[in-house]
Every structure is written in structure tokens, then in C-alpha cells.
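A.B. asks: If you want the building blocks of each chain, they are given just below.
2 protein chains.
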Amino acid sequence: MSTLPANLQGYYRWIQKCNGGLKGKEKYHPWSVGKSTVGYLQPWLFQKLKSEFPGIFKVLTKPEAIDSLALDESLTTCEERSAALAGVLAQLREEGVLSGWRNELYPVPTSFHAEPLALVERAAAVHLGIKAYGVHVNGYVETERGVELWVATRSQTKPTWPGRLDHIVAGGQPHGLSPQANVIKECGEEASIPEELARNAQPVGAVSYEEMQEWGLKRDVLFCYDLQLPADFVPEPQDGEVESFQRLPIEEVANIIVNTDKFKDNCNLVIIDFLIRHGFIKPEQEGYLELLAGLRLGPCA
Amino acid sequence: MSTLPANLQGYYRWIQKCNGGLKGKEKYHPWSVGKSTVGYLQPWLFQKLKSEFPGIFKVLTKPEAIDSLALDESLTTCEERSAALAGVLAQLREEGVLSGWRNELYPVPTSFHAEPLALVERAAAVHLGIKAYGVHVNGYVETERGVELWVATRSQTKPTWPGRLDHIVAGGQPHGLSPQANVIKECGEEASIPEELARNAQPVGAVSYEEMQEWGLKRDVLFCYDLQLPADFVPEPQDGEVESFQRLPIEEVANIIVNTDKFKDNCNLVIIDFLIRHGFIKPEQEGYLELLAGLRLGPCA
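The listed protein sequences correspond, in order, to chains A and B. Residue 1 is where the first sequence starts when you use my numbering, and the numbers rise one by one after that. Residue 302 is where the second sequence starts when you use my numbering, and the numbers rise one by one after that.
Isolated chain A, as found in the complex (with noise of 0.2 Å):
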């Protein structure tokens, strides 16, 4: 039987990790649309978009600050902007810049509730650093021995994160679908969880952080749902995302989180939130509040 871990740097560590983006970002340019900063770019794609669709993107210069682009003003509604966006991420995708395209469209928001500026497609999100959203949902069952927490291994043919573990369910947050639709559709598709028991996912706050990522920044909030199973529930993989899942002790869970890298990046986020909330890590323990102030590092809006 493993017991909580005492020391907290082992889950600080993931704070650091998922907002490297929060010190490296002034290498980024941002680019715009109207007075909005929607999105930062990475230097050989800020040099690609700027030569290359000039007509798209107009180059703003200040003095000590980066050069930064502006969606070209002519395009003043989310369908124009959307359209010619939609262009230059057709020709990225035929050149083999961007990979893994989903064909699920995500807004480019100035916040979550506000009308988005345009909808680009969900694989270019990280390239073009705009926010972006999720639901992760920590699927946990109340035994005799104490609280366990369903956890996922993500399929080996995953272009992102093979192999790693994941929530029970999560999802992008695709436009048009409201957090709470979206967890129950994708308990059903995820983890075959009926919409009956999806009902009972009930939001319990979000984390948000800037990540350096390969092809950019990703840019999240995550809407956390705790979801109480009952102790006979056995969730079954559907949609051959999911290898296969398991169900463990907490302990386990906080000890895999601090001692491991197994959890894909941001589960971490809202398993130490999920451990907050349920008093599995205190007051008492050194670097309480500054690992519950990281779990919302990046802009929460």
C-alpha cells in the first residue's frame, strides 16, 4: 500500500513543464485580429506566413518590441477571416508542415464566451498558439479502502501522446458544443459511460497554462468534471483511442504523477487539482498555495 507523497516538487514540476511557454513566450510573435491578440508564432512560421501570404497577413513593427502580424483588415467577418485562413492551413498541410488533421473546426477566441474571431481547423491550433479548450473528466470510485481513479492508456497508434496515461475521458473542446455535451459525447465514445451516469459529471472549476510544445504553444483551459462511478462500472474502450483502461488507488496515482512521466502532460494539471479539492495534498505541506496558484498560469478568460 503506497502512501501520498510528502513532498510537492515532484508535482510542481508539471506547473514548470506545462508553462514553459509563460517564460519563453518574447520569442514568439504574436499575431492579431482587430485589437485582439490571438496567437503567437514561432519564428520560421511568423517568416513563412509573412512572405508568403502577404495578402493574408500585414507585418506591424515597433520599436523594442517583436515584429508581429495582423489578419489583414479586409477580412471583417469570422467567415472571411475563417476562409482565408483556411487557405493558407490547406497549403501548410499539403507542404507537410501541419500533421494530424482533424477536420473538427476550433474558434480562435478573444474568450471562451465571446463570439470567435474565426474557426480554424483543430490541427492548427498549437502552430497558430491560439486558446484553446478541453474537458477532462476525473472518473473516481469511493471504495472501502479509499478513493480510486479510472485511468486511460492511450492507444499506441495515437499520433499524439501514444502510449501515455490519460483521464478516464477528455476531449478538445470543439465549437458549437457546450462542455457539458461534450463530456457526455465523449464518455459515450471515449469510455462506452452511458449518458445516464455522463449526467452526473459535475464541473468543478478549470486550469489553464501555456505550454512549449514542438510545432508551438499550446494555449489551454481545461473545464475539470469530477465524475463519481459506482464501485461495479467498468468503462470499455470505443473509438480505439484508448488501449485500455485501469483502476487505481490514488496513492498510486499521486505517486506516478510525482515520480513518473507516464500521465500525458496536462492530466497531471487536473489530477493535482482533483488531489487539491479532495484534500489529498494540505496546507501543511511546503509549496501548498504556490502549486495551487500554478494550476492557472496561463490565461483564464
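Please note that the accuracy of each hint is not assured.
As a list, the in silico SDA-like pairs of lysine to any residue whose alpha-carbon atoms are at most 25 Å apart [as the list claims (entries may be wrong)]:
#1 B:LYS324 to A:SER36
#2 A:LYS23 to B:PRO600
#3 B:LYS486 to A:HIS278
#4 A:LYS25 to A:ILE56
#5 A:LYS185 to B:GLY588
Listed below are several chain A residues computed to face chain B (Cβ distance under 7 Å; list not exhaustive) [as the list claims (entries may be wrong)]:
#6 PHE112
#7 HIS113
#8 GLU115
#9 ARG277
#10 PRO283
#11 GLU286
#12 LEU289
#13 ALA293
#14 CYS300
Just so you know, these hints were derived from the structure itself, not from any lab. Even for Gly, the Cβ is constructed at its ideal location relative to N, Cα and C.
Mind docking chain B on chain A? Use the hints.
C.D. replies: Chain B in isolation, oriented as in the chain A frame:
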């Protein structure tokens, strides 16, 4: 039967009220110990400390910054600094500047787990604008009708916030006591909650804010606890600080927060955190993420 408020603006005004200090702080004069800024002073107090205690506070001037005070460098230990500040505060008390003396020592902290730089009388925390810590307990019952929250009415004779609604148990965090031990102590003193029940109080996070008050900046971090109470438990006022207790449906509590000023200011933040963590405020509601982010606008460390 009241329903939960649909619009989050009524909650958000408490974020604004409790964080007036974030905007107004530039008018306050920082004071420091060594390299650490530990507090902020209203202009009248800055002038008074500067002119009347030149041996203890040195003036620091920087171009384009407001003047600040530094505790004299000859005071090198916590004991020496505490003694010097005690002399200053005793004079302020004698002059009637400081009232509500508690005979309770608060740390002058950099962060919660770091050794305090000095200890000062609690009544001076807001005047000195130092960071302070507290514990707030959401004492709730799961009934057939839904969640109900125990709410205290503060005594009309309390020097601070007389007659306002409050948590069943809440208290400042004095030096030398763990948050959990403080919760158990306050549970007994304020509401006659026996230790075996109080031990069930579960730490669930923290809120932080910087409120402008009449006498200075209240810069607080409150550790939040959830304590599920048995349906037949009835708290009893013990130390005269509470006039009465009542158990209210969570919908009614939410409407009091949104529509009235009945709760002591900071209780609103802790209950909004409770409402979010328990799914009574949902991601689908406009302003959800901004409200969530607003719960930790003060330095959380």
C-alpha cells in the same frame, strides 16, 4: 423554492469589491524588510512612520516610483524586528490610531511556509498592509432537498462586521498553529463542533485578494475547508462572537450573495469557490472562467 442565479455578474461584483487594492495599490507606500516588500502603507501612516520613527524606518526613494520605507538594517533577527515594531504599534495604540487590539501575533511573511521576518499584533495587519492568512469552513449538509449551508450571524457587538452573515467557522491564522489545528480550535470555540466532527473538515484550496479598507490594505489568503455535517447536528454559539446560526438551502445562499451585501465581504469569495467546486456554477454560464480566475487575484503564496 428559489433557484440559482443565472447571471454571474452579481457574484463578480465581490471579486471587484475584494480586490480594490489591486487597482488602488499604486497610491500606497511599500515597506520592506531586507529585499522583501512585505506591506503597503496609506500615505498618512507612511508620513507618520517616516517622521516619528526615523530610527526604525528608513526612507527609500527611486526615480519614478513612490517613496517606500525599509526597516532599519540594524534589526537583523525576527526578535529584534518584532520588538521594534511592537514599540511603534504600542504608540499607535496609545494615540488611538490602532484599535481592536487582539493580543494575537501575526507573522510578517514573505510566503506561508517561510520563516516570518517579524511578528506583529494582529490588529495592525491591515494598517501595515501585510499578507495575512485565515481559515474558512463551509459547513454543509446533504439533504433530500439538496445541499444546505450553515450560516452564522455575527454578533452586533463585534468590532468588525457586526451583524453580517459569516461562515459557520472562520478565523485568522495566528503564528505557530497549523491550518488544520486552527480549524479544529475555531470549530470548538465558535460553533461548539466537537473535535471528532471537526477533523472531517477537508482542505479544498484557497482564495486570495487585496481589499482596500478604511485603515489600509487587507491582503489575505484564505484556506478553504468543506465540512459535511450530519443532518441532526446543530451548532451552538460559544464565545459570544456569533449571535445565531441558521441552515440555508444553497440556492438561497447564492441569491443572498448575488442580491445583497449581507455576507462579510470575504465570505462571498469562499462561498463562490464552494459553488464552483460543487457544480452550482457552470462553465456554460457567461463569465465562468473570469469568476474562477477572480478568486485568486491576490498573491497566492
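A.B. asks: Which earlier hints can't be squared with this structure?
C.D. replies: Number 8 only.
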